[in-house]
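Under numbering that gives the first Met the number 0, residues 0 to 305 are what the sequence shown spells out, in order.
Any given hint could be a false lead.
[To be verified] Here are the computed distance ranges between Cβ atoms for each label pair: (1) Asp-131 <-> Ser-78: 48 to 54 Å; (2) Tyr-65 <-> Ala-262: 35 to 41 Å; (3) His-263 <-> Val-63: 26 to 32 Å; (4) Glu-234 <-> Glu-280: 46 to 52 Å.
[As the list claims (entries may be wrong)] The calculated lysine-lysine pairs, modelled on DSS-like cross-linking and capped at a C-alpha distance of 30 Å, are: (5) Lys-235 <-> Lys-104; (6) Lys-175 <-> Lys-104; (7) Lys-175 <-> Lys-219; (8) Lys-235 <-> Lys-175; (9) Lys-233 <-> Lys-104; (10) Lys-175 <-> Lys-233; (11) Lys-233 <-> Lys-219; (12) Lys-32 <-> Lys-175; (13) Lys-235 <-> Lys-219; (14) Lys-32 <-> Lys-235.
Please keep in mind that the hints were generated in silico from the structure rather than gathered at the bench. Where is the CB? At the ideal position from N, CA and C, for every residue including glycine.
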Amino acid sequence: MDEYAEPAREPADALDPRAELSEFLRTRRARLKPEDVGLRSFGRYRRVPGLRREELAQLAGVSVAYYTRLEQGNGRHVSPEVLDAIARALRLSDAEHAHLTHLAKPRQHKKKPAVRTQQVRGPLRTLLDTMDGVPAILVGRRSDILVWNRMAAAVFGDWAELPAHERNWARLVFLKPEYRDLFVDWGRKANDVVSQLRMDAGSHPDDPQLSALVGELSVKSEEFRRLWATHDVKEKCHDIQRLHHPLVGELDLRLESFHQADAHERMLVTYHAEPGSPSAEALRLLASWGTDATRAGAGMPPARTT
0 MDEYAEPARE
10 PADALDPRAE
20 LSEFLRTRRA
30 RLKPEDVGLR
40 SFGRYRRVPG
50 LRREELAQLA
60 GVSVAYYTRL
70 EQGNGRHVSP
80 EVLDAIARAL
90 RLSDAEHAHL
100 THLAKPRQHK
110 KKPAVRTQQV
120 RGPLRTLLDT
130 MDGVPAILVG
140 RRSDILVWNR
150 MAAAVFGDWA
160 ELPAHERNWA
170 RLVFLKPEYR
180 DLFVDWGRKA
190 NDVVSQLRMD
200 AGSHPDDPQL
210 SALVGELSVK
220 SEEFRRLWAT
230 HDVKEKCHDI
240 QRLHHPLVGE
250 LDLRLESFHQ
260 ADAHERMLVT
270 YHAEPGSPSA
280 EALRLLASWG
290 TDATRAGAGM
300 PPARTT
């Protein structure tokens, strides 16, 4: 559970915020039908799926020319009020609304961001270690797995033997076959990972490590390419995570995530079972088996004993 250091890679081109904004608006518009938003649909055949630009502009109360410029990626001078109106017209979720704002109004950086270690404070590491019986993981930018406790290793596999750059949920889910077996609904997990990466990309389009990660996964995984092209975004705050563990079988765990107050881009993610449930008993067994459970978790390589 060493400190996560950014891997050394060749520089990658940054994601283009204009193109990201354009595609995001197109995909959100395409998923709506006129009748979904109280408009009358004229004719059975429409040249484009979903709402036309004219219809969306009407709903948002802006001119067609203005909206067209925005959908072409020119959001530099758009006001927050207009973005709010477009978000309402497109029926965006809170996460999608925030993503739209990040794309239209990207933060300006005077210079390229330096490659830095994602440092974790000692007391936070201690907190995870004291959460005995509860799998806990600190997840950073780009879905990087920064720190985890013994129970997380027992459930998901000990990542200590992996190179630092492979301790990443996106790489694990899309490039490690054993994780397809671990997650009962792998497709849902894959969609959650990509949706969170999209949120990260909207906030940090100039991140070369994120661009490199997206490029690598796009080349190596057809499923990732398909999901990335949907431009779906969401934050997973709580959920039921269903797993098939190689030692104890089915696990139904409640996922709860908390943003770190002094580093909002990091999340503490915990997993717990309902008291008295078979999953709670399974976690108790994993805790009692200690290192043996860690070595079997998710079919990962044996953990270090030092």
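We went through each hint and held it up to the structure:
1. Asp-131 <-> Ser-78: 48 to 54 Å: holds (51 Å)
2. Tyr-65 <-> Ala-262: 35 to 41 Å: holds (37 Å)
3. His-263 <-> Val-63: 26 to 32 Å: Given a distance of about 37 Å, which is not inside 26 to 32 Å, the answer is violated.
4. Glu-234 <-> Glu-280: 46 to 52 Å: violated (31 Å)
5. Lys-235 <-> Lys-104: Between Lys-235 and Lys-104 the Cα gap is close to 24 Å, so the pair holds against 30 Å.
6. Lys-175 <-> Lys-104: The hint is violated at about 36 Å.
7. Lys-175 <-> Lys-219: holds (11 Å)
8. Lys-235 <-> Lys-175: holds (22 Å)
9. Lys-233 <-> Lys-104: holds (19 Å)
10. Lys-175 <-> Lys-233: Given pair Lys-175, Lys-233 holds - Cα atoms ~23 Å apart, limit 30 Å.
11. Lys-233 <-> Lys-219: Roughly 24 Å separates the two Cα atoms, so the pair holds.
12. Lys-32 <-> Lys-175: violated (38 Å)
13. Lys-235 <-> Lys-219: holds (25 Å)
14. Lys-32 <-> Lys-235: Measuring from Cα to Cα gives roughly 27 Å; hence the hint holds.
Consistency note: the structure conflicts with the earlier hints numbered 3, 4, 6 and 12.
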